[in-house]
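Residue numbers (the working numbering), protein chains in the order written: chain C, 1 to 116; chain G, 117 to 472.
Note that these hints are calculated values from the structure, not bench results.
Think of the CB as a built atom: it goes at the ideal place given N, C-alpha and C, for glycine as much as any other residue.
Treat each hint with caution, since some may be false.
To be verified - If the Cβ cut is set under 10 Å, some of the chain G residues that face chain C in the computed set are:
1. Asp-176
2. Gly-178
3. Phe-179
4. Gly-180
5. Pro-202
6. Arg-413
7. Thr-414
8. Leu-443
9. Asp-444
10. Pro-446
11. His-451
12. Ser-454
13. Tyr-455
14. Asp-460
15. Lys-461
16. Ala-464
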Amino acid sequence: KPVFVELMTYRLSSHSTSDDASKYRAADELAALGVAARHPVARLKAYLQERGHWDDDLEETTRGDARAAARAALDGAEAKARPARATLFDDVYHELTPELARQKRALDAHAAEAEA
Amino acid sequence: MRRAALQVRAKFASSPRRLSAAPETSKTSETTRMNLFSAVNASMRSALARDESAVVFGEDVGFGGVFRCTIGLREEFGAQRVFNTPLCEQGIVGLGIGYAAMGRTAIAEIQFADYIFPAYDQIVNEAAKYRYRSGGEFDCGGLTIRTPCGAIGHGGHYHSQSPEAQFAGVAGLKVVMPRGPTQAKGLLTAAINDPNPVIFFEPKALYRASVDDVPDDPDFALPLGQADVVRPGDDVTVVAWGAQVLVAQRAAATAAAERGVECEVIDLQTLAPWDAAAVEASATKTGRLLVTHEAPRTLGFAAEVCAYAAEACFLHLEAPPARVCGLDTPFPLVHEKSYLPTEDKVLAAIYGLVDF
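Build the full structure now, drawing on both the sequences and the hints.
Shown next as C-alpha cells:
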C-alpha cells in the first residue's frame, strides 16, 4: 500500500550569518510552535539517556572533541594558500578549449605587463 | 472563444494603468540626494500610488528586501499589494505573467539574477511571446521583473552573474540596466509604464555605493531605448552599461591625463532595444570602438554591438572593434579581479585602439 509521509520542519536559526531573523520573525514564534520540546537532537539525547547510552560526562567530552575538530578544520582551511591564478581556467570543461587557452594567455600577458 | 476571453480580460482590467514610453520630463527641479536602492524604492512607491492595480512581490520583499529596495512599501500600501512569495522563481514570474495578462501591473523581484534561470522558460516561452502568439489580442506588458546583478567582491558563482545577454536576444523582451540612482528611478518608472515585459537589472555593487541627486517628481522617467553620452570625446568610443560605466569613466579619465586621449563614454542604458544610432554616430566620429561588460566575453552583448559597428561603420573604423569582458568561466570566488574587466584592462584596450 502506498504511504505518504509529510515531514514538518522549522528553521531554528537565521538564514545565514548575514541575516537577522528577529527583523521579520516574532520572538515568541519559536515558543508558540513548541519547537524546543520537539527538537530532534534533544529528543534523541533523552532517548539515549533513558537507555543508559549517554550521560553528562560523555556529552561534555563529545562536545569538546567536536568543537576542537571543527576548529582544526576551519584553521586548516584558512591557513591554505590562495589557489594560483592559473586555476581560474581549470575544470570549466574536461579539457582546456582553444578560446579558454587564448584567454589564459592574454590574462598572463596582462599580468606580466602589470608587474613589469 | 475569443469574445469570451476578451470579456474576461475587460472585466478584470483596471483603468488605463500605464503610459506609453514617454520622454523625460520633470515637473519640478527639486531633487533629493539618495543611493540606488532608495531610488528604486521611490520608483516603486510612485507606481503603487499611481496605479491601483500595481503589486510588488518576490522573496522577502515584505520586510523590505535583502537590499532594502522594498522598505516601507508593505507598511504604506498593505500586504495585499506588497507580499512575499514562496522560494520559486518559476512561480514568481508565472504569477507576474498571469497578473499582467489581465491588464494589471506586476512588479516581480528575483532576489539575485543568478536565480532567474528557473523562470527562464516562463520568461522566454510565455512572457516574451504572449503578444506575438496571440496576434496582439493578449499581452503581459504590465510585467516588470527586477533583479540585482553583477560583481560584489565576494559573490562567487551564484551572487555575481550578469545574465543580460541571455535575455537581450529574446524577441518580445526589453532589457534595462541603470548606472546610478537617477537612472534607476527614471528607467524603472519607464520600465513599469512600458507596455512590454521588461527585465530590469540592478547592479548590486551600486545599491549603497552610488549616490546621486535624484529628481523628486514621482513621475520622473527616462526613455527606454536611448543611450546616454556620459562623457564626450573625439578619440575613442567606449560603450558600457551598469557598474561598468564607472570603470569606463575612470579609464577615460586616466587616458586623458596620461596620454591626452579623449574617450567618448556611452551608457547604453537599454540593451533591448539598444540605441544603435548613438553608437554608430560616435564610432563613425572616433573611428575606434571599445565595448566592455562584466559578463563573459563569448556571446556577451558586446559581441552584438561590435558586429553591428563592423557592418555600419566599417569604412570609418581605424581599428577592429575591441571587447573587454569577463572570462569565459563561471564567476570565481577567488581571483575576482583577474576575472573582471578592470580599469587597467579597459585602459590597455583604449591604448591598443589608439596605437593600432
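Hint by hint, here is what the structure shows:
{"no.": "1", "hint": "Asp-176", "verdict": "holds, 8 Å"}
{"no.": "2", "hint": "Gly-178", "verdict": "holds, 7 Å"}
{"no.": "3", "hint": "Phe-179", "verdict": "holds, 4 Å"}
{"no.": "4", "hint": "Gly-180", "verdict": "holds, 8 Å"}
{"no.": "5", "hint": "Pro-202", "verdict": "violated, 14 Å"}
{"no.": "6", "hint": "Arg-413", "verdict": "holds, 7 Å"}
{"no.": "7", "hint": "Thr-414", "verdict": "holds, 7 Å"}
{"no.": "8", "hint": "Leu-443", "verdict": "holds, 6 Å"}
{"no.": "9", "hint": "Asp-444", "verdict": "holds, 6 Å"}
{"no.": "10", "hint": "Pro-446", "verdict": "holds, 7 Å"}
{"no.": "11", "hint": "His-451", "verdict": "holds, 5 Å"}
{"no.": "12", "hint": "Ser-454", "verdict": "holds, 5 Å"}
{"no.": "13", "hint": "Tyr-455", "verdict": "holds, 7 Å"}
{"no.": "14", "hint": "Asp-460", "verdict": "holds, 6 Å"}
{"no.": "15", "hint": "Lys-461", "verdict": "holds, 6 Å"}
{"no.": "16", "hint": "Ala-464", "verdict": "holds, 7 Å"}
Against the hints set out earlier in the document, a violation occurs for number 5 only.
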